[in-house]
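Enquirer: Model the placement of chain B on the given structure of chain A, informed by the hints.
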Amino acid sequence: MAAGIYLSIPFCRQKCTYCNFASEARAFSALPSYLSALSKEIAQSSARWEQAGLPGYEGAPADSIFMGGGTPGLLNGGQLRNLILSISARFSLEPDAEITIEASPENIGSEGGAERAAEWAAAGVNRVSMGVQSMVERELRAVGRQHTAATVAEACNHLRQAGISNISIDLIAGLPHQTAESWQESLDAALALGVPHLSVYMLEVDENSRLGGELLRAGPRYGAGAVPPEEAIVEFYFHAMARLNSNGYEHYEISNFAQPGRASRHNEKYWTAAPYFGFGVDAHSYDGRHRWANTDSIDSYLQGIESITSIFDEPRALSDTERREERFFLGLRRREGIHLDHRDVENAEMVAQINSCIASGWIERTGGKIRLTNHGVIFSNEVFAGFLGIA
Amino acid sequence: MDSQPFTQEYMDSKYIRNFSIIAHIDHGKSTLADRLLEVTGALAQREMMAQVLDSMDLERERGITIKAHAVRLMYHSKDGHDYQLNLIDTPGHVDFSYEVSRSLAACEGALLVVDASQGVEAQTIANAFLALENNLEMIPVINKIDLPSAEPEMAKQQIEHAIGLPPADAILVSAKSGIGIDEMLEAIVHRIPAPTGSADAPLRALIFDSWFDPYRGVVVLVRVMEGKLTRGTKIRFWSNGQVYVAESLGIFTPKAVAVDELSAGEVGCIAANIKKISDAQTGDTITEDARPAAGPLPGFQEIKPMVFAGLYPVDADNHGPLRDALEKLRLNDSALFYEAENSAALGFGFRCGFLGLLHMEIVQERLEREFDLNLITTAPGVRYRVIHKSGALIEVDNPTKFPEAGDIERVEEPVITATIITQEAYLGGILALLEEKRGAQKKFEYLSATRVILTYDLPLNEVVLDFYDRLKTVSRGYASFDYHLAGYQTAPLVKLDIMVAGEPLDALSMIVHRDFAHERGKIFVEKLRKLIPRQQFEVALQAAIGAKIVARETIHALRKNVIAKCYGGDISRKRKLLEKQKEGKKRMKRVGRIDIPQEAFLAVLKINE
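These protein sequences, in sequence, are chains A and B. All residue numbers for the first sequence refer to my numbering, where the first residue is 1 and numbers rise by one. All residue numbers for the second sequence refer to my numbering, where the first residue is 392 and numbers rise by one.
None of these hints come from the bench; they were simulated from the model. The structure presented is a predicted model; accordingly, all values stated were derived computationally and were not measured. Think of the CB as a built atom: it goes at the ideal place given N, C-alpha and C, for glycine as much as any other residue. Please note that a few of the clues may not be correct.
[What the hints assert, rightly or not] If you want a taste of the chain B side facing chain A, the calculated C-beta under 8 Å gives, among others:
{"no.": "1", "residue": "C957"}
{"no.": "2", "residue": "L969"}
{"no.": "3", "residue": "R981"}
Here chain A stands alone, though its shape is the one from the complex:
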């Protein structure tokens, strides 16, 4: 099976208040040395993985590259080309590979954006995932974002002029100041752009983001006092599902919507237990049997590459049970659902769990297949957690 490649670019101009990811808003002076380390890692790791008992990847087929962040949209054409060349030098990159870059709208929607889009296209990028989050200025400013709806529209223009029409937009339900009307406004604006792919998330509240921490302490900073109530966020989400569905978008995974044939090939690998290999800081890998991750500190990463010492934790071989559990908590994210096998059906605890989810209206069953209902999407963690320990 062809693998997906993930390249981590953990730099941002500034950290968004809702971000709980280990990205670092730090001096870009470190970017060039980071990129050369990244190329080195790609060049050396096949041999080093083999030493660690993992499969090497010299000549292995790959059909997607995903550059995630951070803000990879800060890279110029030359830097991108080098990275993609590093990959194609080691992997057998299929000609129609999906090559995605995550970008902020202002990377390509402002001055010089048209040129940058053209450089990306020339380097081989054919898909762009934009962290838009909202089309409403007040909401954007509250979380530390600089763009406007116009920037997003301009970015789309530039990308299309450069020949990149496979565009995805991220939206977040639950931002400070969001109302039913403003949410409608964001959805309308996104739909008006006619992009083939949309991701819709909910605001995550935990100690790792500034806004999340403030909400947990019921403080007033970062617009925490203006975050809509849970009930409203649920309404926003249901509204988005209905509206996107009626506009021809298929809800193919709990947070992702796509026009027919435009589902993200790379993302699907995560949910279908296909192999993917990650390079860079905090990049995760799965070879079909083991999961492992690189260090999440830029300094240790740079040092490790420099001194040729290990930059990843001991790979963990998945147990049979873990694999069976993953079928549920990853597989059920896909709206088409999963097939039950004979071991599921013979397991009394499993049958009880499925029946209890059906009774709660979270799962529906067709023959030997189960899938989340719309209501189940909203309570997906509740559903997934229930399958742990019994699979």
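Expert: Quick look at chain B alone, frame taken from chain A:
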């Protein structure tokens, strides 16, 4: 070298002196006892362990003595005679005042130790009065006189003022550096009277302590008041009529030494194959079965627990181990009572009775530390007398067994008389606290220009809840407190129930004064609202007196889980999140259809936080 011939005159009751040391916590009782052992040669310096009398770890850590012990010392006085000194140690806490009084009843005298910098404290006074009630000769001892902050004159004056002992009688010592110890030993010999009971009379021995020894059964510590106790004699316990053979007799020097006989005036221990510690009750009289005395010694009381609480294992699987652990503790602690109890909210546990709050804490701590149990303790309460409309009286120590309000004629609660000694500067806060706790002032006296003795009557249930902690806070630790039971009083008490989705949480029911019910209920449901996670449906939290709701909160239904981004295929992060969610569910107690986290019970039961 001692050139005098060795005599056995110290066996003659004329040369016996039985005494205790009474003191407030930290005033130096244990150090003084160590010094006496050392000076009389009972313990060579090199074998000396600090504070040998306090043998349990817990006792040493808390700096208090839980179990009484008795040590026989031989002292060669300046008058040329050899004396037998029996040092009878007493428990050092208010919860054990009955045990203290029985230990004192075994003595003719006591050293009243007062810290030269601290002066008289509440416990000094309480113990001094117990000694006076037992007609003991008291020798005031001012300790720690070598500290720079020592004010022996101040301490002497306070002793005179509070207890009425003349300042000239006081001996100045430093137990730590040995100053004044000789003078103190001479005072013991010359000021404390010899025991008077006749060795020819029928046997009467006072039990003042007992403990369980896995090899010999219950070991009983006695003071022979009259008559003689010989090894092999059939002895009878007065209160229950049980008869045993005194298999072995012994004394402590402090090493255990076997003897053949204990005679009037002497102190020693008996092993008689007694199986249960409750058969040998402190304060009971032992007589000879073949030649019984005419009557028992005065002052015996059955042990009555004063404070009650439910003890539940956090992990339901630990119910068996908790029962075994309580059984083991009970072997050595006749004051600990327990019976199985079943709570809808907390599962299977035990209703336990304790002498007081400290006793409860000690038991709890030993269960957790020595038996590795994780416990939930319900709010401590007291035993009420409920008089039914029918006239019948029942005693209730568990709020869930409180009768319906309509059936109750009146309720009586136990009342204590409390003594508090403090600095004038903290009076404001303390008086306010006593007021809040429904205290009634009996006395207000100045002990010196800046120290005050307060005497108050207080409902015991107000004291057991959070009084100690609050007193410590308002006085910054500069208040000492002691109490004794003073009887019962009628009070408008009601049962406050906490209900979740209409189901009462039995473990949280409590008996409160009607005027406080509303406030308590409000605090409880507010806390619960914050601690119970949202469920799939709306949950009502209510505090109620009978059918009347006095406080209400609502937990809104859980509307969603978060649909979050999966950063770069980090599946282990997703898994951890889900495992945490699942684990959290497991630790919850299910009441009706509501999942309540264990922490909610713990937090709510600590009402003062």
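Enquirer: Run every hint past the structure and note whether it holds.
Expert: To see whether the hints hold, each was checked on the structure:
{"no.": "1", "hint": "C957", "verdict": "6 Å, holds"}
{"no.": "2", "hint": "L969", "verdict": "4 Å, holds"}
{"no.": "3", "hint": "R981", "verdict": "14 Å, violated"}
Violated hint: 3 only; the structure is consistent with all others.
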